[in-house]
Amino acid sequence: MATTRLSGSSLPVLQRLFSRNGILPIFQRTFCKVPPEDPTQAEEAKTIEQEKLGDSNITADTQVKDSGVKEQIEAQDHKVSSDKQVDNVSPDSSDSSKAEAVQETKKPVPSQEKKLTKREQTQKKLRDLLASLATVDPLSVESTVKLTRPKPRPKKEAKVKKEEELPPPESYIEPELVSATKEVAESLGGDTAATESELLSTLRLHSSDAPPHTQAAASLSELFVGMKIERSPNEGETAPIQHKHFSPEADPRRQPDANARRRRLSRLSPERSIPRTIQRVDLFGAKPLGIFTGKCSKSEDASSILPVWEALHEEELKRSMSHPPDNAFVEMIQWTNQGKLWTFPVDNEFGLESEKKIGFHEHVFLERHLQGWCPPRGPIRHFMELVCTGLSKNPYLTVERKRAHIEWYRNYFAEKEGLLKEIGAIQSSN
Amino acid sequence: MALQGVLGRIMTPVFGCLVQVPRCQQLHTTLVLDKLKYPNWKMVKEVKHRKAVKEYAFERININAVRKAKHIIPPEVKEIADKEIEALPRMSSISMLHKRCMITSRPRGLVTRWRLSRIVWRHEADYNKLSGVQRAMW
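Chains U and S, in that order, give the protein sequences. Read in our numbering, the first sequence has 355 at position 355, and its numbers run on one by one without any break. Read in our numbering, the second sequence has 1108 at position 108, and its numbers run on one by one without any break.
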């Protein structure tokens, strides 16, 4: 009998109520203004209401039980308004019908009425209260319920167009910083407008008001994407820089920081700045300058006055050019090469390597050197033979030295020839 | 010789032709550089002595051989030889040399083989600088 009273439009609502209460999560469950047929479900609804709602939100949430559900399922749908209207109509009718149904169910159980009256009464009061509050205009759930949303990912297109796009007007830079950038740009020199714009763009990147995606892009590579490389108009005309060629223009010490940043930027893309082709340099193509001719000589006056000074200066120059030994081993090698240090293991015949080739006969048979000048008999011959014997026994002299001794005696006795003849040492007849 | 070497280094132009060294430059200043490498002036004189000995050693030994061959060479020749040897500079005789320590220039207490004074010799031996020299122990 209860079911016949219900309108046709409220059937799907009721179905939704009873079917969905257990399935949906808490925030999506219907907040029942209309009391369900079962008392247990009414209690559940109550508890749900008490947990989820605050005092102020009761009206809104309870108002749109079905419309809220619909909105959550179909976000920003045009049907919402129509549904709301439908739903607004249906709860009133359903409320009344449900209230009647409840009241009718209560009647056949008079025995238990006394026990349950208090409970029933309180519930009834609540329901009436809720029903009365249903007349309030519905409010959107969206504004009260805060839902998590996905982070807006930076698109790849935005990076490429960064050069052309104007800076976003959202970020706020203090006027002091702006004036400071202007001053800096003017002090640096060169293209002030370009430098100023670059500085401001970097400031915007680092400003706190900027959205997260632009802040994340403030890496080194991102910074330099926007900046254009400065190139002189006469780049093609100048000769390409050799790898080991020192150019005073490119010396970083010479120029202030004005161009240092530009050069640093240009170094980032070396493929563009340095051309591939290397031109050959003809050393003897042009006329020589005549600076270094090899005929340079020190003036005599300076050295004549201070010979000690000059000598010490020369020694100092030699020391500056020569590299001092790294360690004791190198020092010992140097000394050995100079002849100050013996070679080890010690060789007694060091320096007499050529003597090994000369045979013993040249050392021993020295009488042949006496041929021609020495008389065959006499004291001189006797003396000379003794000399030859003595020399032949000497292993420490070279053959040249021995020959030199004999030659010396030849000369010596040739000087004293007259005396010897007088004495009778040399017999002229023989 | 050393003097000329030093001046030659200073004075010669690059093409290497000889330059006449004026007399005034043969004074004290250039010679000092060579002498400053010795510990004292006595050693400098001794170095000069030895250089002279080396220069006349060949002549001297030949003449001495003639002088000492007693019954072989006639005495007239020997007398001439004696006179000749006297004519040579005194510094050139070996017997006039007085050995000194090469490091300290000590005239006495020398160990001949190493040309060092006994004190320096001991020091070097203790620091293992002398080959084959060891502390005696028996």
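Be aware that one or more of the hints could be misleading.
In silico negatives: residues of chain U with every beta carbon more than 12 Å from chain S [unchecked claim]:
| hint | residue |
| --- | --- |
| 1 | LYS124 |
| 2 | LEU283 |
| 3 | HIS382 |
Under 7 Å between C-beta atoms, here's a sample of chain S residues computed to sit facing chain U [said to hold, decoys possible]:
| hint | residue |
| --- | --- |
| 4 | PRO1039 |
| 5 | VAL1047 |
| 6 | ALA1069 |
| 7 | ILE1094 |
Calculated from the structure, these hints are not laboratory results. Ideal Cβ positions, reconstructed from N, Cα and C, are used throughout, including at glycine.
Hints versus structure:
1. LYS124: holds (119 Å)
2. LEU283: holds (23 Å)
3. HIS382: violated (5 Å)
4. PRO1039: violated (18 Å)
5. VAL1047: Since chain U brings no Cβ nearer than about 17 Å to S:VAL1047, farther than 7 Å, the hint is violated.
6. ALA1069: Hint holds; S:ALA1069 Cβ to chain U Cβ min 6 Å, cut 7 Å.
7. ILE1094: The hint is violated - S:ILE1094 has no Cβ within 7 Å of chain U, the shortest such distance being about 17 Å.
The structure does not agree with the numbered hints 3, 4, 5, 7 stated previously, though it agrees with the rest.
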